[in-house]
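Engineer: Here the protein sequences come in this chain order: D and U.
Just so we're aligned, residue 5 is where the first sequence starts under our numbering, counting upward by one.
Just so we're aligned, residue 162 is where the second sequence starts under our numbering, counting upward by one.
Calculated from the structure, these hints are not laboratory results.
No false leads were slipped in.
Residues from chain D shown here face chain U by an in silico Cβ test under 10 angstroms; the list is partial: (1) W32; (2) L37; (3) S111; (4) F117; (5) V126; (6) L143; (7) V188; (8) P195; (9) A258; (10) S280; (11) M298; (12) M305.
Nothing here was measured: the structure is a model prediction, and the numbers come from that model.
C-beta: ideal position from N, C-alpha, C; glycine also.
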Amino acid sequence: MIEESISDLAIRGEVEEEFGSSSTSRTWYHYVLLGACVLFAAASVGFVGSILQKSLYTWEHHAGTIITGSGWQSPTGPFGGLSMIVGTLETSLIALIIAVVIGLGTSIAIVFFLPRRLRNIVATLVELLAAVPSIVYGLWGYLVLAPWFLTTLDPWLNSWPGHNFLFGDPGQQAGPSLLLAAIVLGVMILPTFVAISREVISVVPQDLFEASLSLGATKWQVIRKVVLPTSRIGLFGATFLALARATGETVAVALIAGGVAKVQFHLLDPGTSIASWIATEFGEAQGNEVSALMALGVLLMLLSFALSLVSRWLVSRQRKVLARV
Amino acid sequence: MNDLTTMDEPVGVNQTMRDEIRRVSNATRARRILISRSMTILCGLALAIAAVPLFLLIYQLIRRGAPELTGTFFTQVPQTPTLIAPNATGGLSNAIIGSIALNIYASILAIPVGVLVGIYLAESASKFASALRIIAQTMAGAPSILMGLFAFSFLLQDLKVGFSAIAGSFALAILMLPVIVISTEIAVLNVPNTLREAGLALGAKPHKVSMRIVLPSALTGIVTGCILAISRAIGETAPVLLVIGGGYLNTWQPLNPVSALPLSIYENAKSEWPSQRAQVWGAALVLVGFVFILSLTARIWASRKQKVSN
Numbered sequence: 005m006i007e008e009s010i011s012d013l014a015i016r017g018e019v020e021e022e023f024g025s026s027s028t029s030r031t032w033y034h035y036v037l038l039g040a041c042v043l044f045a046a047a048s049v050g051f052v053g054s055i056l057q058k059s060l061y062t063w064e065h066h067a068g069t070i071i072t073g074s075g076w077q078s079p080t081g082p083f084g085g086l087s088m089i090v091g092t093l094e095t096s097l098i099a100l101i102i103a104v105v106i107g108l109g110t111s112i113a114i115v116f117f118l119p120r121r122l123r124n125i126v127a128t129l130v131e132l133l134a135a136v137p138s139i140v141y142g143l144w145g146y147l148v149l150a151p152w153f154l155t156t157l158d159p160w161l162n163s164w165p166g167h168n169f170l171f172g173d174p175g176q177q178a179g180p181s182l183l184l185a186a187i188v189l190g191v192m193i194l195p196t197f198v199a200i201s202r203e204v205i206s207v208v209p210q211d212l213f214e215a216s217l218s219l220g221a222t223k224w225q226v227i228r229k230v231v232l233p234t235s236r237i238g239l240f241g242a243t244f245l246a247l248a249r250a251t252g253e254t255v256a257v258a259l260i261a262g263g264v265a266k267v268q269f270h271l272l273d274p275g276t277s278i279a280s281w282i283a284t285e286f287g288e289a290q291g292n293e294v295s296a297l298m299a300l301g302v303l304l305m306l307l308s309f310a311l312s313l314v315s316r317w318l319v320s321r322q323r324k325v326l327a328r329v
Numbered sequence: 162m163n164d165l166t167t168m169d170e171p172v173g174v175n176q177t178m179r180d181e182i183r184r185v186s187n188a189t190r191a192r193r194i195l196i197s198r199s200m201t202i203l204c205g206l207a208l209a210i211a212a213v214p215l216f217l218l219i220y221q222l223i224r225r226g227a228p229e230l231t232g233t234f235f236t237q238v239p240q241t242p243t244l245i246a247p248n249a250t251g252g253l254s255n256a257i258i259g260s261i262a263l264n265i266y267a268s269i270l271a272i273p274v275g276v277l278v279g280i281y282l283a284e285s286a287s288k289f290a291s292a293l294r295i296i297a298q299t300m301a302g303a304p305s306i307l308m309g310l311f312a313f314s315f316l317l318q319d320l321k322v323g324f325s326a327i328a329g330s331f332a333l334a335i336l337m338l339p340v341i342v343i344s345t346e347i348a349v350l351n352v353p354n355t356l357r358e359a360g361l362a363l364g365a366k367p368h369k370v371s372m373r374i375v376l377p378s379a380l381t382g383i384v385t386g387c388i389l390a391i392s393r394a395i396g397e398t399a400p401v402l403l404v405i406g407g408g409y410l411n412t413w414q415p416l417n418p419v420s421a422l423p424l425s426i427y428e429n430a431k432s433e434w435p436s437q438r439a440q441v442w443g444a445a446l447v448l449v450g451f452v453f454i455l456s457l458t459a460r461i462w463a464s465r466k467q468k469v470s471n
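Use the sequences and the hints to build the structure in full.
Structural biologist: Given below as structure tokens:
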């Protein structure tokens, strides 16, 4: 498509030269488009630059603390970001594991095991669920799931041997916790993941599927050896999109993670994440704390850009591998 | 069949070996079928596990939200309950109006720029265009709280705008821009080149071809993209949280502080009054209603386009 439009432009240029069409008519249209592009580029540069500039104070004076410090003493400091970074990684990785494991099975079940009529209905439902605002998932987690965690799930998890190591001390739970945040995030990104991976899986050519069935492979063997490898680019894309949604999620986590600035390895203890910490602390922040929160924003931005870069790299590498085959 | 196998078999393959081969192949076949069956069951289980929380979410949303949707809910501004009147929560008309206003202003800011940039990306092959494409893709994945930080630092700190609807709209516009750019580019690229060439061959000037032929053909795709961008923006809390100020009045003024549905949900969910916590479900139901109507409109629009082009 792109190559075609290149040649298209070239043709246009020639046509114009030959027929001597007035250059003014072309230029105003061109300049309007270009003006919009400059505006867009300026907004993007401003987006990065503005947040970076507001956080400069923190990077100049407390660069070490914001990355490795673990306490957050409002309003004077020190402002340590380690607990938020760890919290973000813990919640989003657990959520991703939940979403990918359950989501991949769900997509396969929707595409290969559901009757055709039901399949379309379920696919539409999944896409609508993916559009449900995250605050609604947060609300559900906060008002429905948190009380249930408190009365049912937490005591049950704490009856396990070795619960101290993973889930924490039974004495101090209060509904909101990192585990609750991770589970709600997992439920939230599940429709996003399923919506994309279902589409990716369902566009695998039917003849590939039938060819391997006719060679005597069982349905599962076809799915494992043919369908999943052919659609892995799209599956990578879906995974990274889901991960990006989980790491950047703000208000849902702000409601259900507990909002405690402490590096937590016990999943039933309250914690926080970068985005939700910015949201909860920004209202009362003054002076250096604003700068520190902006610095957290820069960290979040770096994380998101890195994810986007890695996914772009993986996809292009996979394209090359597939092209070679 | 039997003759064929005996013919093809190498000399020295006796009956016992043949039985052994058959036994092994039958065993692996049984194993393969067993694995296939159990994976089928596992996938079905995954579907069931995925369905339970999502079904519960929608069920509770409707069951708890529907009773809250009274006339008061849509027409009155919020009140703080008191000990004497613990159920006097008022309505959330300020949040509904605020959400609509925020998204109208954000659309006015984002749609013209986004559509023009998308057209440029589709019709140009310059380095600038590919740089913009990468920027748009990266921005589309950026966490929405960053848009709020940007609006705060640029509008509130640098330009001294103050907590206002326009600051929230600015943040939402930044959020919508990349979505509109990407979907417009795809819509324009999907217009068949033969149409362009036909226009050029008739002697139309390039900008005429672009405006009179390419844009109308791509219009459904562009509109679909814009509706989807709005449906994403209307549910976002984080960008508006820091900058709109949470006003309690019904106002369409861009420079006044306003509230928004997601913001009221976030604030009131933490309320100590059970009546306010209950009312939040109504707000969530209205919000989800908005989003579903927008996505279904986009979906119907897109399918209409397919019918037309077929």
